[in-house]
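Chains C and W supply the protein sequences, listed in that same order. Position in the first sequence (from 1) plus 44 gives the number in this note's numbering. Position in the second sequence (from 1) plus 44 gives the number in this note's numbering.
Treat the hints with care, as some may be off.
It does not matter which identical chain is meant; a pair holds if it fits inside one copy or across any two.
The list that follows gives simulated cross-link-like pairs (lysine to aspartate or glutamate, DMTMM-like), each with its CA atoms no further than 25 Å apart [as the list claims (entries may be wrong)]:
| id | residue 1 | residue 2 |
| --- | --- | --- |
| 1 | K428 | D400 |
| 2 | K194 | E71 |
| 3 | K225 | E242 |
| 4 | K64 | E101 |
| 5 | K212 | D336 |
| 6 | K75 | D333 |
| 7 | K75 | E300 |
| 8 | K161 | E101 |
| 9 | K46 | D365 |
| 10 | K46 | D80 |
| 11 | K225 | D80 |
| 12 | K91 | D365 |
| 13 | K64 | E234 |
| 14 | K154 | E445 |
| 15 | K165 | E377 |
| 16 | K401 | E300 |
| 17 | K313 | D337 |
| 18 | K285 | D400 |
The set of hints was computed from the structure by calculation and includes no laboratory data.
There are 2 protein chains.
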Amino acid sequence: MKKVGVAILGLGVVGGGTYKILEEHREFYKKTHEIDIAVESVLELRKERALALGISENKIASNIAEVCSNPEVDIVVEVMGGVEPARTFVLAALKAGKSVVTSNKELYCKYSHELEKTAKKNKCGLFFEASCVGGVPVIRALLDNLQGNKILSMTGIINGTTNYILTKMTNDEVSYEEVLKEAQKLGYAEADPTADVEGYDAAYKLSILSSLAFHTKIPFSKIYREGITDISIEDINYGKKLGMVMKLLAVGKNGENGIEVRVHPAFVKNAHPLAGVNDSFNAVFITGDSVDDVMLYGRGAGALPTGSAIVGDIIYCAKHDNFNYSTFSNSEEADPATKFVTNFNSAYYIRLSARDKTGVLSKISSIFSKNNISVAQVVQENDKRANGSVPLLLITHDTFEKSVNKAVEEIGSKANLAKVESVIRVIS
Amino acid sequence: MKKVGVAILGLGVVGGGTYKILEEHREFYKKTHEIDIAVESVLELRKERALALGISENKIASNIAEVCSNPEVDIVVEVMGGVEPARTFVLAALKAGKSVVTSNKELYCKYSHELEKTAKKNKCGLFFEASCVGGVPVIRALLDNLQGNKILSMTGIINGTTNYILTKMTNDEVSYEEVLKEAQKLGYAEADPTADVEGYDAAYKLSILSSLAFHTKIPFSKIYREGITDISIEDINYGKKLGMVMKLLAVGKNGENGIEVRVHPAFVKNAHPLAGVNDSFNAVFITGDSVDDVMLYGRGAGALPTGSAIVGDIIYCAKHDNFNYSTFSNSEEADPATKFVTNFNSAYYIRLSARDKTGVLSKISSIFSKNNISVAQVVQENDKRANGSVPLLLITHDTFEKSVNKAVEEIGSKANLAKVESVIRVIS
Numbered sequence: 045m046k047k048v049g050v051a052i053l054g055l056g057v058v059g060g061g062t063y064k065i066l067e068e069h070r071e072f073y074k075k076t077h078e079i080d081i082a083v084e085s086v087l088e089l090r091k092e093r094a095l096a097l098g099i100s101e102n103k104i105a106s107n108i109a110e111v112c113s114n115p116e117v118d119i120v121v122e123v124m125g126g127v128e129p130a131r132t133f134v135l136a137a138l139k140a141g142k143s144v145v146t147s148n149k150e151l152y153c154k155y156s157h158e159l160e161k162t163a164k165k166n167k168c169g170l171f172f173e174a175s176c177v178g179g180v181p182v183i184r185a186l187l188d189n190l191q192g193n194k195i196l197s198m199t200g201i202i203n204g205t206t207n208y209i210l211t212k213m214t215n216d217e218v219s220y221e222e223v224l225k226e227a228q229k230l231g232y233a234e235a236d237p238t239a240d241v242e243g244y245d246a247a248y249k250l251s252i253l254s255s256l257a258f259h260t261k262i263p264f265s266k267i268y269r270e271g272i273t274d275i276s277i278e279d280i281n282y283g284k285k286l287g288m289v290m291k292l293l294a295v296g297k298n299g300e301n302g303i304e305v306r307v308h309p310a311f312v313k314n315a316h317p318l319a320g321v322n323d324s325f326n327a328v329f330i331t332g333d334s335v336d337d338v339m340l341y342g343r344g345a346g347a348l349p350t351g352s353a354i355v356g357d358i359i360y361c362a363k364h365d366n367f368n369y370s371t372f373s374n375s376e377e378a379d380p381a382t383k384f385v386t387n388f389n390s391a392y393y394i395r396l397s398a399r400d401k402t403g404v405l406s407k408i409s410s411i412f413s414k415n416n417i418s419v420a421q422v423v424q425e426n427d428k429r430a431n432g433s434v435p436l437l438l439i440t441h442d443t444f445e446k447s448v449n450k451a452v453e454e455i456g457s458k459a460n461l462a463k464v465e466s467v468i469r470v471i472s
Numbered sequence: 045m046k047k048v049g050v051a052i053l054g055l056g057v058v059g060g061g062t063y064k065i066l067e068e069h070r071e072f073y074k075k076t077h078e079i080d081i082a083v084e085s086v087l088e089l090r091k092e093r094a095l096a097l098g099i100s101e102n103k104i105a106s107n108i109a110e111v112c113s114n115p116e117v118d119i120v121v122e123v124m125g126g127v128e129p130a131r132t133f134v135l136a137a138l139k140a141g142k143s144v145v146t147s148n149k150e151l152y153c154k155y156s157h158e159l160e161k162t163a164k165k166n167k168c169g170l171f172f173e174a175s176c177v178g179g180v181p182v183i184r185a186l187l188d189n190l191q192g193n194k195i196l197s198m199t200g201i202i203n204g205t206t207n208y209i210l211t212k213m214t215n216d217e218v219s220y221e222e223v224l225k226e227a228q229k230l231g232y233a234e235a236d237p238t239a240d241v242e243g244y245d246a247a248y249k250l251s252i253l254s255s256l257a258f259h260t261k262i263p264f265s266k267i268y269r270e271g272i273t274d275i276s277i278e279d280i281n282y283g284k285k286l287g288m289v290m291k292l293l294a295v296g297k298n299g300e301n302g303i304e305v306r307v308h309p310a311f312v313k314n315a316h317p318l319a320g321v322n323d324s325f326n327a328v329f330i331t332g333d334s335v336d337d338v339m340l341y342g343r344g345a346g347a348l349p350t351g352s353a354i355v356g357d358i359i360y361c362a363k364h365d366n367f368n369y370s371t372f373s374n375s376e377e378a379d380p381a382t383k384f385v386t387n388f389n390s391a392y393y394i395r396l397s398a399r400d401k402t403g404v405l406s407k408i409s410s411i412f413s414k415n416n417i418s419v420a421q422v423v424q425e426n427d428k429r430a431n432g433s434v435p436l437l438l439i440t441h442d443t444f445e446k447s448v449n450k451a452v453e454e455i456g457s458k459a460n461l462a463k464v465e466s467v468i469r470v471i472s
């Protein structure tokens, strides 16, 4: 039976989950995969974490050099998070001829060009299924299932924290601030929630996924990013009435005019399969030119779901002798030939506080029409009249963002017409 | 650049779709995967099909021997359907050292033991992603993503024809017979629809998927099978009122008492992700001990979605030098050590025409309670009173099928109590 030695760098939530899965399933993997996978080494500054998991003293390494020189170690699992020292450790492992499995989206997003180059040079495997959307098998689906397609678009709910917050705001009708506090108390959000709520985490993942999908490097810097901190309960409630739910979406499109990559909150119409993805669940909705629509749904985070992706990569790595790498030139920056679209095309929800006077709607309509924006739906909330104003909700047909910005600017600039309260993209 | 020659056996819907994908993407695959994939041979009795696709005469083989002896052919794609002559042809190809990609669920279900043995012996790849759920990447997910999990259960909507029929019955409130006729006219159902509507097609796929998921052979003969031909519009409508939709489900469970495999219509509560899978879309909802819940959704049939799965297998095959086979002893019959559960555990919807008299509900309730069945919901449809009877709808908590059968038999046997109109399993 093939023996495979694993080292785990970092015994936090995901590292601990991975260790438990490997230990509890050791006999199962011998039986089903004919591989004996043993954790031979762990690297963790807080030694008590290792001891609490029942790891014997002699398997706790004091530094990365010890892990790299351990002949029992074949695969190094990096689950530390952050760029350093993870980057240095992974490079050291690859240079020592160890294959690497990582869950580190920031590292892989920012340094995959460097890691992959080193992996190739040393003929090692570099696996990163766990870096995006936890237990949801989206990376291997792109690499090994949908790879015969030209991927036209992908739309994902790929951050658990923000989806938890938005679901809670929607269901309980409480403000962002209140839900965030609760989420922090429950451990669903970090003390500093910036990476999640400002969309950085989702953008790292979108960079990784869209590079794979579109076969060209999409660096983080090319991704438009907008967080959820300004989302109001008013808009969520109006959206509900109009049959839509608010989600933080990661959108990648590859069209005639180029590639469009963006992370932002958006309304999703109830009929769309993504509308039902709630709480900390995640999903990626992919459209390929042959396969049409595919959606992959599951837990995007957590010790065991992310551990499941890591262990999947470990077993895959153990069962293959040679490894495949990127299908594109994995450089640090985008290929100069790649065109990026910045004037997005989408439907829009626009909420105005319109002056409650005859002729206002007609003037607003004419501004939209002048900017070539076709309005699909107008709702005037007459029972919310106050101080001479009335809420006016408009949903446009698909249009260009620049046109919307122009129209909205013109409306806002005219006294006695309307105040622009919010502009939110809509996905149907 | 690596050159890969493909032969396609059968140029029906899927074969034609596969050919088109390969031709249209040839330059794309050279660029992205550094493989030049060319269709070198086709085998199709109706020669006009090949000519209509623009395939030149010299690539149309007259028999399987010609395909097998063609040195340009590396991979044989079998998309003929049915057992013979597909089985003979696939065995011949494997014996000639060609890897095989098949979309044939009946063949793979019934003869994978034989095909795999031959593939192993000849060190060929045997790929069958397209045999189950078209473009939905469920087989590779089980093999290469979730393979570190003990899969606890899978529930799938894995037959497009029946899902189209049931969705149409639900939305338009028309009878099974009417919808079937329309589906046949539109080409969504075969002239002889037995394989789809009686659940054979779903059972072939469940046999394949559950064998992979549970790492033991689950032959077709072990699968309980019930079709949708007796589903009434009354029950679909009552289900709607109770917040449930009717689906043909394929269910596999691996629990303490053994393995449970069954294909039958069932009500799915609206909150379940499978409830939103409509028309010809398919989905598989999988629960693993580490990954928790995962759902894979997409088009389960059609020329291009199924072609996408085939081409995915072709590229995968071309990029790997050695191949993995089943993680279990792939014999014809089930391992004698495998226990199968036949007394299913589920919630149940029971519709009675109850005598419209005082005391009837109490007597019925006592029969359920005597059989250890806990009732979760009772609805008496008073506005549907007729001829001294009133429709009575009961939904039970999870219980054993044998208990339900006993209770229902007892209720039916008592004159002046109730007529049992229908008994349908419920998934929440």
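Results of checking the hints against the structure:
With identical chains, the CA atoms of K428 and D400 are at most 25 Å apart within one copy only, with a shortest distance of 11 Å there and 50 Å across copies. With identical chains, the CA atoms of K194 and E71 are at most 25 Å apart between copies only, with a shortest distance of 12 Å across copies and 41 Å within one. Taking identical chains as interchangeable, the C-alpha atoms of K225 and E242 lie at most 25 Å apart only when both belong to the same chain, with a minimum of 16 Å there against 53 Å between chains. For the identical chains of this complex, K64 and E101 are intra-copy neighbours only, at 17 Å inside a copy versus 60 Å across copies, given an alpha-carbon limit of 25 Å.
When the C-alpha separation of K212 and D336 is checked against a cutoff of 25 Å, the pair qualifies only between copies, where the shortest distance is 21 Å, while the shortest distance within a copy is 32 Å. Proximity of K75 to D333 under the C-alpha cut-off of 25 Å is restricted to the inter-copy arrangement: shortest distance 17 Å between copies versus 40 Å within a copy. In the homo-oligomer, the alpha carbons of K75 and E300 lie at most 25 Å apart only across protomers (18 Å), although the nearest pairing inside one protomer, at 50 Å, exceeds that limit. Taking identical chains as interchangeable, the C-alpha atoms of K161 and E101 are never at most 25 Å apart, the minima being 34 Å within one chain and 46 Å between chains.
Taking the closest pair of Cα atoms, K46 and D365 come within 25 Å of each other both inside a single copy (12 Å) and across two copies (19 Å). Only within a single protomer do K46 and D80 lie at most 25 Å apart by alpha-carbon distance; the minimum there is 6 Å, versus 34 Å between protomers. With identical chains, the CA atoms of K225 and D80 are never at most 25 Å apart, being 44 Å at best within one copy and 55 Å at best between copies. In this homomeric assembly, K91 and D365 never come within 25 Å of each other (Cα to Cα): the closest approach is 34 Å inside a single copy and 42 Å across copies.
Taking the closest pair of Cα atoms, K64 and E234 come within 25 Å of each other only inside a single copy of the chain (24 Å); across copies the shortest separation is 50 Å, beyond that limit. Proximity of K154 and E445 under a CA criterion of 25 Å is satisfied in neither setting, with 28 Å inside one chain copy and 55 Å between copies. When the C-alpha separation of K165 and E377 is checked against a cutoff of 25 Å, the pair qualifies only within one copy, where the shortest distance is 20 Å, while the shortest distance between copies is 47 Å. In this assembly of identical chains, K401 and E300 lie within 25 Å of each other by CA distance neither inside one copy nor across copies; the values are 44 Å within and 70 Å between.
Proximity of K313 and D337 under a CA criterion of 25 Å is satisfied in both settings, with 16 Å inside one chain copy and 24 Å between copies. Taking the shortest Cα distances, K285 and D400 sit within 25 Å of each other inside one copy (22 Å), while across copies they are farther apart (41 Å).
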